[in-house]
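Throw the hints in and build the complete structure from the sequences for me.
2 protein chains.
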Amino acid sequence: MPTATHAPTVVIENFYPCLEGGRHPIKRIVAEPLTLWCDIFTDGHVVMSAVLKWRLIGAKRWFEAPMTPTENDRWQGTCSFESIGRWEYEVEAWSDTFRGWKKTFAIRVHAKDPDVPVEALEGARLLREASQRARAAGAADCGTQIDDVADLLCSLPPEDVMEVLLSADLQTLMDSYADRSLSTCSEPLKVIVERERARFSAWYEFFPRGAEGRADKHSTFRDCLPRLDDAKAMGFDTIYFPPIHPIGTTARKGKNNTLIAYADDVGSPWAIGAKAGGHRDVEPALGTIDDFVWLVGEANKRGLEIALDFAINCSPDHPYVTDHPDWFYQRPDGSIRYAENPPKKYQDIYPINFHCADWKNLWRELIDVVLFWVDKGVKIFRVDNPHTKPVSFWEELINAVHRKDPSIIFLAEAFTKPKMMQALGKIGFTQSYTYFTWREDKAGLTEYAKELTQGEMRWYYRGNFWPNTPDIHPFYLQNAQASLFRLRAALAATLSSTWGMYAGYELCENAPLPGKEEYLDSEKFQLKNRDYNGPGNIKGFIARLNLIRRENPAMHLYDNLVFHGTNHEQLIAYSKSTPDWTNRLLTIISLNGHTTVAGTVHVDLHALGLDASKPYRVTDLMHGHSYEWHGSDNYVSLNPDGTSMHLFKVEQ
Amino acid sequence: MPTATHAPTVVIENFYPCLEGGRHPIKRIVAEPLTLWCDIFTDGHVVMSAVLKWRLIGAKRWFEAPMTPTENDRWQGTCSFESIGRWEYEVEAWSDTFRGWKKTFAIRVHAKDPDVPVEALEGARLLREASQRARAAGAADCGTQIDDVADLLCSLPPEDVMEVLLSADLQTLMDSYADRSLSTCSEPLKVIVERERARFSAWYEFFPRGAEGRADKHSTFRDCLPRLDDAKAMGFDTIYFPPIHPIGTTARKGKNNTLIAYADDVGSPWAIGAKAGGHRDVEPALGTIDDFVWLVGEANKRGLEIALDFAINCSPDHPYVTDHPDWFYQRPDGSIRYAENPPKKYQDIYPINFHCADWKNLWRELIDVVLFWVDKGVKIFRVDNPHTKPVSFWEELINAVHRKDPSIIFLAEAFTKPKMMQALGKIGFTQSYTYFTWREDKAGLTEYAKELTQGEMRWYYRGNFWPNTPDIHPFYLQNAQASLFRLRAALAATLSSTWGMYAGYELCENAPLPGKEEYLDSEKFQLKNRDYNGPGNIKGFIARLNLIRRENPAMHLYDNLVFHGTNHEQLIAYSKSTPDWTNRLLTIISLNGHTTVAGTVHVDLHALGLDASKPYRVTDLMHGHSYEWHGSDNYVSLNPDGTSMHLFKVEQ
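Protein chains in written order, with numbering that gives the first Met the number 0: chain A, 0 to 651; chain B, 0 to 651.
It should be emphasised that the hints constitute simulated quantities derived from the structure, not laboratory data. Possibly wrong hints are sitting among the right ones.
[What the hints assert, rightly or not] Label-pair ranges, simulated between beta-carbon atoms:
| # | chain 1 | residue 1 | chain 2 | residue 2 | range |
| --- | --- | --- | --- | --- | --- |
| 1 | A | Gln75 | B | Thr594 | 46 to 56 Å |
| 2 | B | Asp579 | A | Leu181 | 50 to 60 Å |
| 3 | B | Lys403 | A | Pro578 | 52 to 62 Å |
| 4 | A | Ala64 | B | Thr171 | 58 to 68 Å |
| 5 | A | Trp61 | B | Gly376 | 47 to 57 Å |
| 6 | A | Leu546 | B | Tyr434 | 53 to 63 Å |
| 7 | A | Tyr434 | B | Pro578 | 35 to 45 Å |
| 8 | B | Gly57 | A | Gln75 | 33 to 43 Å |
| 9 | B | His605 | A | Leu181 | 46 to 56 Å |
| 10 | A | Ala110 | B | Leu512 | 17 to 27 Å |
| 11 | B | Glu19 | A | Leu546 | 40 to 50 Å |
| 12 | A | Pro578 | B | Gly57 | 46 to 56 Å |
| 13 | A | Asn360 | B | Glu19 | 33 to 43 Å |
| 14 | A | Asp579 | B | Ala356 | 45 to 55 Å |
Glycine included, every Cβ here is placed at the ideal spot set by N, Cα and C.
Here it is as structure tokens:
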């Protein structure tokens with residue numbers, strides 16, 4: 000037999016959203032509304048009431064909002080969360096005895112039922128009980144108001160009491176002190192509530208050692224200010240550094256990932272660990288931890304945040320290798336297994352054995368590494384290859400870090416199979432890299448952006464759109480002209496509320512390692528010359544994109560993307576609006592970087608909240624032109640040398 | 000930090016089927032296969048293995064079957080259950096170190112990798128560990144075989160060992176003793192495994208007091224044998240009695256549900272409880288409990304089962320009213336509240352307050368009532384209006400009864416909103432009444448039968464199709480001719496594997512209470528004359544339907560229904576086949592009970608497992624005619640007076 004004071008009285012189930020039966024949290028931003036649907040029903044012919052309740056996990060007090068039935072026993076309610084952290088929400092529902100009594104009493108009075116007098120007494124009892132609850136809650140005046148109605152009900156003919164009985168004021172009072180003694184609560188569901196930057200961000204990645212763009216000089220943290228200022232001028236808010244830790248020398252890779260490194264080769268920052276230390280240390284050539292902390296402060300002064308790379312790679316020189324050889328895979332000859340994906344070998348990297356006997360200490364140590372950098376002022380981490388480490392480890396790590404500081408943001412660098420990418424989002428990664436980099440045509444872009452922003456993934460997966468990374472110089476951009484760089488940046492910056500680029504993109508660096516999706520003379524393995532203000536750069540274009548993003552609240556939202564039809568395969572159109580329609584942006588881009596494309600855009604007026612009977616004004620925020628449009632179909636002509644896109648503000 | 004020996008190594012999620020995240024069990028019949036899908040993946044580039052495991056809840060030993068990957072990290076596995084009861088199943092998956100090693104070792108050998116010797120040692124280590132597991136499991140000979148391979152690997156050039164290493168025999172051995180020390184198990188899911196009759200049954204309902212069909216004589220249990228024999232001859236296997244308990248006299252309803260009962264009025268059997276007792280007693284006019292037990296034995300001898308009605312209704316004379324007034328709803332004047340749905344009143348029924356303070360004893364008592372009748376030999380219960388009692392109560396009751404005897408079958412008589420009907424199926428009702436009674440046209444029948452048998456409901460809801468009940472004389476059959484009675488019986492008996500009818504249907508009783516979906520002079524309130532062999536009866540037709548059902552295994556299955564197109568709005572066609580195609584039935588019915596309908600049936604050959612290039616034979620099991628059909632489109636002509644349907648056996 001159930002052991003609770005009472006058995007469940009109401010069925011509450013079939014929640015939407017709900018990830019794996021509540022196993023995983025959904026995500027929200029502070030103040031972002033969450034509308035929840037579920038089925039609520041009970042036995043018999045009773046009147047139900049239900050509330051949506053939510054609280055910070057561990058807090059005592061629930062917030063509460065009424066839920067309303069829609070159809071077929073489906074109810075909905077909306078809440079939002081006032082601070083970052085892990086929240087929970089549940090539904091409480093009950094058979095509303097007062098509402099039920101009121102409904103049948105009205106029928107009885109109308110039918111002149113002989114039971115009216117005894118039913119009036121029943122109503123008075125319900126009222127007096129509510130009055131007692133009001134008084135117990137310290138609302139004596141409410142109690143008195145309710146008692147007055149009970150008195151009327153016992154003294155006047157029922158017809159004379161119906162008006163006050165059926166009044167909205169009385170119902171509001173009764174709702175406040177409803178009899179919930181037989182209510183049922185659903186199992187709580189979880190939500191990770193994060194700060195605005197979790198959803199709206201523009202990332203700029205550069206190697207601090209290349210801050211000055213000199214092949215003959217290893218830059219330091221102290222040399223990075225001009226890069227920060229330039230990134231800020233381009234409108235970025237998040238500066239992401241590849242690993243800043245000491246780089247191993249054993250089996251160090253040479254330029255262009257060759258097996259032999261010469262004395263002046265700087266090595267890959269992802270081969271972490273050397274005599275100078277491991278994950279809690281910085282590469283001496285970059286400076287000191289104090290220098291780094293100073294730089295974090297300088298960034299913050301500029302309204303920027305510095306994101307660190309969290310790459311759980313150990314070079315053979317990492318202190319863990321000598322201190323904790325059991326954390327690695329041993330081979331029968333006593334050596335430690337290096338990373339490989341036969342026949343490929345990565346002799347400069349020792350993978351960690353996350354399920355070794357000492358795994359608890361290992362996991363604790365890695366969590367402490369993150370907390371170490373949190374303590375140094377780092378609030379954002381880009382996590383390297385999370386899909387090659389256990390999902391359960393990341394869940395543990397993110398939970399542990401969020402217990403200390405829920406403002407920490409984690410970006411998953413997982414380019415792998417879809418289910419794994421989704422799983423990492425579900426267990427708590429704030430943002431995730433995406434397949435955007437390889438979605439080039441209209442159908443591919445549309446389908447993928449819809450999958451991310453309109454399907455179930457929108458509840459837990461925030462796609463950060465990157466046209467390039469140090470690891471990925473996509474074929475599409477190899478030896479490409481500036482118009483294609485502008486095009487991909489525009490798509491990334493307008494399709495998603497969060498996007499990023501790796502330095503050199505603004506300079507349209509386009510030389511590939513032949514046959515590979517990689518850069519020639521990649522900064523991953525060498526210092527290189529780079530004129531950050533070189534001719535042909537598209538910094539002004541990017542700055543304009545980021546400025547428009549920042550100034551328009553519709554661009555701060557992730558799941559408000561709506562596609563609009565066009566009559567041309569290379570014309571893509573989509574809009575983003577705020578729920579109150581005060582800000583509406585319509586982006587129209589030609590996917591042809593070479594020649595002019597002209598065609599008709601079929602504007603979905605309803606999706607833009609436009610009155611079809613009236614004209615509306617579209618103002619191109621990129622170029623300043625303004626047009627009066629009428630109805631759905633409107634002509635555009637875009638050419639790659641001039642106006643390759645419209646980023647219209649829509650007003651009516 | 001996690002406290003298990005090791006943290007989860009594998010992600011196992013997104014199960015199908017899975018009801019409310021595993022909150023509810025699915026249903027199977029003994030030996031009926033269950034194919035399960037889920038996502039299984041882990042970090043890195045490893046080879047996975049997975050098994051589906053199942054056991055009777057509480058048993059120690061798991062059964063086990065290998066799972067196989069399909070696509071996009073989706074795996075599937077199939078099991079079946081060897082006995083009735085509550086079972087659980089889960090998925091265990093692990094990184095298969097031997098398979099992974101073997102795969103990369105072959106690549107290394109082919110590439111003449113200098114690491115081959117040390118990797119051979121690694122392989123030998125994996126083999127020897129498996130050998131130890133084999134020996135520990137008592138399979139010393141398997142251990143020796145595995146060790147032999149390890150020895151070869153350490154002594155011969157690798158090229159010479161590849162054949163044995165890659166052999167299926169070795170892999171089978173290694174699979175038997177795989178290293179699962181780092182495996183991960185999913186949360187167990189539940190399944191209710193039931194006997195065949197839970198899925199395949201034909202119900203015949205009659206009032207034992209009317210067994211002889213005499214308005215002037217109340218029949219007894221001892222008078223029921225001819226009815227049993229007749230039902231058996233019509234091919235029914237389940238005989239369902241309305242409540243057999245003492246009928247209250249206070250506020251007893253008269254004929255046709257009138258408010259005044261005369262001395263000779265027998266009352267509604269659903270107004271339970273009188274001086275002679277309550278739910279553990281029988282109406283004295285029917286005989287004694289011993290008589291009932293005798294009748295159950297007689298039924299069993301004939302291969303029939305008697306199903307009792309479990310109606311939690313109390314007349315004002317029920318012993319509970321005096322013994323446990325707190326189990327009912329009190330009114331302010333001290334009286335007990337009778338049932339009503341204002342303005343309708345049911346003064347002869349006191350509803351139970353399932354959430355009264357003494358609810359635990361109340362629930363225990365009601366469960367004990369069921370167990371009392373189980374003890375008397377009743378294995379099937381039709382539950383009256385379960386939707387007016389708490390869902391949690393039914394879950395508790397069915398669980399408790401199944402703990403004592405998992406062979407007990409419960410049919411939910413819930414004609415209410417869809418979500419509640421589904422909920423009752425989810426929490427354990429074996430079978431459920433349906434909206435079939437009101438699905439009359441082709442579109443309505445097709446859509447509804449698909450929803451029940453092809454959608455998620457098929458996992459937990461077995462629709463029992465009734466063309467009539469004592470409570471429902473549908474408008475469609477009011478004053479209707481025999482052809483319509485045949486038509487509705489044929490649909491019920493062939494669309495679902497479980498159907499039933501209420502006595503009188505075979506006699507085409509068709510007189511309604513004017514304006515209502517009820518019978519005139521309903522047996523619910525009176526004894527009535529009935530000639531069970533009266534002219535115009537359709538007993539032969541029903542017997543033929545039930546015989547075909549019994550003789551054809553395809554009709555024993557529930558979720559194997561496939562609809563076939565026709566070119567006529569009143570021609571409906573559907574088939575049922577066994578998975579091995581040894582039994583295939585194609586039903587074609589004219590929905591026009593008045594005139595001939597002719598048209599073309601578009602046979603879905605694939606859905607019948609037919610080779611489109613060859614003819615096939617269709618033999619009408621109702622009428623004996625046989626035709627050779629070619630290809631998809633075939634002509635039929637059906638007339639209501641003669642061949643109103645084809646029930647083809649299909650052979651090729």
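Verification of the hints:
In this structure the hint that glutamine 75/A and threonine 594/B lie 46 to 56 Å apart at CB holds, the actual value being about 49 Å. Taking the beta carbon of each, aspartate 579/B and leucine 181/A are about 52 Å apart, inside 50 to 60 Å as hinted. Remark: the range hint 52 to 62 Å for lysine 403/B to proline 578/A is upheld by a beta-carbon distance near 56 Å. Between alanine 64/A and threonine 171/B the CB atoms are about 59 Å apart, so this pair conforms to the stated range of 58 to 68 Å.
For tryptophan 61/A and glycine 376/B, the Cβ-Cβ distance of about 52 Å falls inside the hinted range of 47 to 57 Å, so the restraint holds. In this structure the supplied range 53 to 63 Å holds for leucine 546/A paired with tyrosine 434/B, their Cβ-Cβ distance being about 59 Å. Take tyrosine 434/A and proline 578/B: their Cβ atoms lie about 39 Å apart, and the range 35 to 45 Å holds. For glycine 57/B and glutamine 75/A, the Cβ-Cβ distance of about 41 Å falls inside the hinted range of 33 to 43 Å, so the restraint holds.
For the hinted restraint 46 to 56 Å between histidine 605/B and leucine 181/A, the CB-CB distance of approximately 54 Å keeps it satisfied. Range check, alanine 110/A to leucine 512/B: Cβ separation about 22 Å, and the 17 to 27 Å hint holds. Judged by the Cβ atoms, the range 40 to 50 Å given for glutamate 19/B and leucine 546/A holds: they are separated by roughly 48 Å. Judged by the Cβ atoms, the range 46 to 56 Å given for proline 578/A and glycine 57/B holds: they are separated by roughly 52 Å.
Range check, asparagine 360/A to glutamate 19/B: Cβ separation about 39 Å, and the 33 to 43 Å hint holds. A hinted range of 45 to 55 Å for the beta carbons of aspartate 579/A and alanine 356/B is consistent with their spacing of about 50 Å.
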